[in-house]
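Residue numbers (full-length UniProt numbering), protein chains in the order written: chain G, 1 to 223; chain Y, 1 to 219; chain E, 1 to 244.
Keep in mind the hints are simulated off the structure, nothing from the lab. It is possible that part of the hints are untrue.
Claimed, not checked - If you want a taste of the chain G side facing chain Y, the calculated C-beta under 7 Å gives, among others:
#, residue
1, 71
2, 163
3, 202
Glycine included, every Cβ here is placed at the ideal spot set by N, Cα and C.
So you can see what is in the structure, the chains are spelled out below.
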Amino acid sequence: MTYRFDYSWIAEYWPVILKGLVTTVELTLIGTLFGVALGIACAWTRSLGPRWLRPPVVAYVELIRNTPFLIQLFFIFFGLPSLGVQMTEFQAAVLAMVINLGAYSGEIIRAGIEATPRGQFEAGASLAMTRFETFRHVVLIPALQRIWPALSSQIVIVMLGSSVVSQIAAEDITFAANFIQSRTFRAFESYFLTTGLYLLLALALRQALRGVGRMLFPRRAAR
Amino acid sequence: MMTFTLWDILRNLLLAARWTVLLSLVSFIGGGLLGMALLYLRIGKARAGQIFVQGYVELFQGTPLLMQLFLAFFGLGLFGIDVPAWLAAGLALILWTAAFLVEIWRGCVESVARGQWEASASLGMGYVQQMRYVILPQAVRVAVPPTVGFSVQVVKGTALTSIIGFVELSKAGTVVTNATFEPFTVYGLVALIYFALCWPLSKSSQILERKLNVAHRNH
Amino acid sequence: MSLIAITEVKKRFGDVEVLKGINLDVERGEVVAIIGKSGSGKSTLLRCVNGLEMIDDGSIMVAGAQLINDDLHLKALRLKVGMIFQQFNLFPHLSAGRNVMLSQMVVKKTPAREAEAMARRMLERVGLGHKFDAYPDQLSGGQQQRVAIARALSMQPMALLCDEITSALDPELVNEVLAVVKELAADGMTLMMVTHEMRFAREVCDRVVFMHQGRVHEIGPPEEVFGNPRTPELRQFLGAQLVV
Numbered sequence: 001m002t003y004r005f006d007y008s009w010i011a012e013y014w015p016v017i018l019k020g021l022v023t024t025v026e027l028t029l030i031g032t033l034f035g036v037a038l039g040i041a042c043a044w045t046r047s048l049g050p051r052w053l054r055p056p057v058v059a060y061v062e063l064i065r066n067t068p069f070l071i072q073l074f075f076i077f078f079g080l081p082s083l084g085v086q087m088t089e090f091q092a093a094v095l096a097m098v099i100n101l102g103a104y105s106g107e108i109i110r111a112g113i114e115a116t117p118r119g120q121f122e123a124g125a126s127l128a129m130t131r132f133e134t135f136r137h138v139v140l141i142p143a144l145q146r147i148w149p150a151l152s153s154q155i156v157i158v159m160l161g162s163s164v165v166s167q168i169a170a171e172d173i174t175f176a177a178n179f180i181q182s183r184t185f186r187a188f189e190s191y192f193l194t195t196g197l198y199l200l201l202a203l204a205l206r207q208a209l210r211g212v213g214r215m216l217f218p219r220r221a222a223r
Numbered sequence: 001m002m003t004f005t006l007w008d009i010l011r012n013l014l015l016a017a018r019w020t021v022l023l024s025l026v027s028f029i030g031g032g033l034l035g036m037a038l039l040y041l042r043i044g045k046a047r048a049g050q051i052f053v054q055g056y057v058e059l060f061q062g063t064p065l066l067m068q069l070f071l072a073f074f075g076l077g078l079f080g081i082d083v084p085a086w087l088a089a090g091l092a093l094i095l096w097t098a099a100f101l102v103e104i105w106r107g108c109v110e111s112v113a114r115g116q117w118e119a120s121a122s123l124g125m126g127y128v129q130q131m132r133y134v135i136l137p138q139a140v141r142v143a144v145p146p147t148v149g150f151s152v153q154v155v156k157g158t159a160l161t162s163i164i165g166f167v168e169l170s171k172a173g174t175v176v177t178n179a180t181f182e183p184f185t186v187y188g189l190v191a192l193i194y195f196a197l198c199w200p201l202s203k204s205s206q207i208l209e210r211k212l213n214v215a216h217r218n219h
Numbered sequence: 001m002s003l004i005a006i007t008e009v010k011k012r013f014g015d016v017e018v019l020k021g022i023n024l025d026v027e028r029g030e031v032v033a034i035i036g037k038s039g040s041g042k043s044t045l046l047r048c049v050n051g052l053e054m055i056d057d058g059s060i061m062v063a064g065a066q067l068i069n070d071d072l073h074l075k076a077l078r079l080k081v082g083m084i085f086q087q088f089n090l091f092p093h094l095s096a097g098r099n100v101m102l103s104q105m106v107v108k109k110t111p112a113r114e115a116e117a118m119a120r121r122m123l124e125r126v127g128l129g130h131k132f133d134a135y136p137d138q139l140s141g142g143q144q145q146r147v148a149i150a151r152a153l154s155m156q157p158m159a160l161l162c163d164e165i166t167s168a169l170d171p172e173l174v175n176e177v178l179a180v181v182k183e184l185a186a187d188g189m190t191l192m193m194v195t196h197e198m199r200f201a202r203e204v205c206d207r208v209v210f211m212h213q214g215r216v217h218e219i220g221p222p223e224e225v226f227g228n229p230r231t232p233e234l235r236q237f238l239g240a241q242l243v244v
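Generate coordinates for the entire structure from the input sequences, incorporating the hints supplied.
Right under this line is the structure:
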């Protein structure tokens, strides 16, 4: 192979990449925060919440888990405006990520809640706490602790999956790569570099989540 | 301007969905075969093989599938071939699928109790015999539900190949949208077709999982 | 020459030396019980004799087969001694009969028909001839352990190692397993067993080994070890057993 790698464009284009990196990180942070919150709400509904609310939540979770993120994104960004809902690319991307992570993390967190020893609920009840208070103060944190590794993996998956938001022109890392390759015609170099960025980002995110886990759960969960 | 009935739209999408199904099958089967080869290295005794597979998994699970598709597409191009989209799509999806399946399967092999290794060793079996007659038969039973479950990820993963120009269900969705200007209907239908493909797989994975747990409790 | 010759065996896990120079010879047809507190090294010793653990010093020989850490030597050793585990370790995906047939066929290359005949004989011997097609999860703990014994016997070993084989059983199932072991002893099988069943050890064994802190602390015929313990450690150990 006589191909020569050419990275001379970096000097000119690194701000584009940096901007993409910031956008991807922002998307991930906001998406994770609201996505996990939505997931907790779904998990609560499905395992402890009012019965009439369960079927719609099941439908939501199943629909999201069985369709591609790309289509969810297109539906939100291209489809919803015909109902009069207008969004920027960034808003649509965040919304899609929240909805996506909400469904996945809901299932993961539910497993954590259902692994709670019955005695924990009974202890809460015997102390005159309501069901919701027991959930909020006794059940939730140990449940999150049980499934934290699985939840962390899912968050990394969602971060990597966010690369498709470039398809609605949200200006993330992948968007930067596309932009650079269209200007410089150094497609392989551009994608190679950004792929490396994603890899580093994934490693960093995993470490960060481990740190968050240590902060949130200094003690061992009841089993 | 042409007008499209709902049936026109659906028919076009369904025709394209055949390619989604085909690509999914190729990726899953190819990824499965490659995954087996990687598993052989991963649970084998050679340290170099284990490290290689660990690195492989880290690389393919730590980067976006979309990037892998781009790299396959433009990377194969470096060899001076005019790369058809289906080739890059199939290659990237096979490599990606293998990285996930090998990790799923390794977990299943490691879930077999230590006592099974010791009992078979005490009967004089060598490593290969232990694997073939004692460990793998048990691991395979455990592996079926998560493997079926992962096939859903493969089907959904094929949607990204539309971005490098492979014409399957998602690409057809974009094309039809551009012709009809009805994104809400078209992407809604696309989502429903994906759902129809994926949901039975998800559901059977859950049912298989439940059966396995019941069988385990009887011990 | 002794069937099992354990000479100056030392074994450490990390910083902890669990066997500090064990010497023990077991004669053909002899039944030896190993007793002692948990952590005294008794299970480790047994596992070394089967090559499930490697030793750091000394040697273990069973009928001319030496414990050496390579596949060929380990296989030769394991063909001489069988092992029964606390947790039975039956293969859950195979029927009782298939459990007994498998290693004959893959290790000894015995034809299926002969392996099956042997399996039926051995299951008959442990009183489970009628359970040939039952799966492990359909059997009680006592029955599973008897299948495990039949499985080890089918390889026609010269000695059997029993590692607390009744400890995981409900009390009412202990006797059916001990009865099988007793019969094996009566038939002249060489047995080395780690056990907490003191009465059984007293009745059936030719010699009793008391291990303490990685050493053979006392050894002798059961009347002597149980009737006239010479060291305070053994006295204390036996006292604690009586309370239980």
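Verification of the hints:
no., hint, result
1, 71, "5 Å, holds"
2, 163, "4 Å, holds"
3, 202, "4 Å, holds"
Checked against the numbered hints above, the structure breaks none of them.
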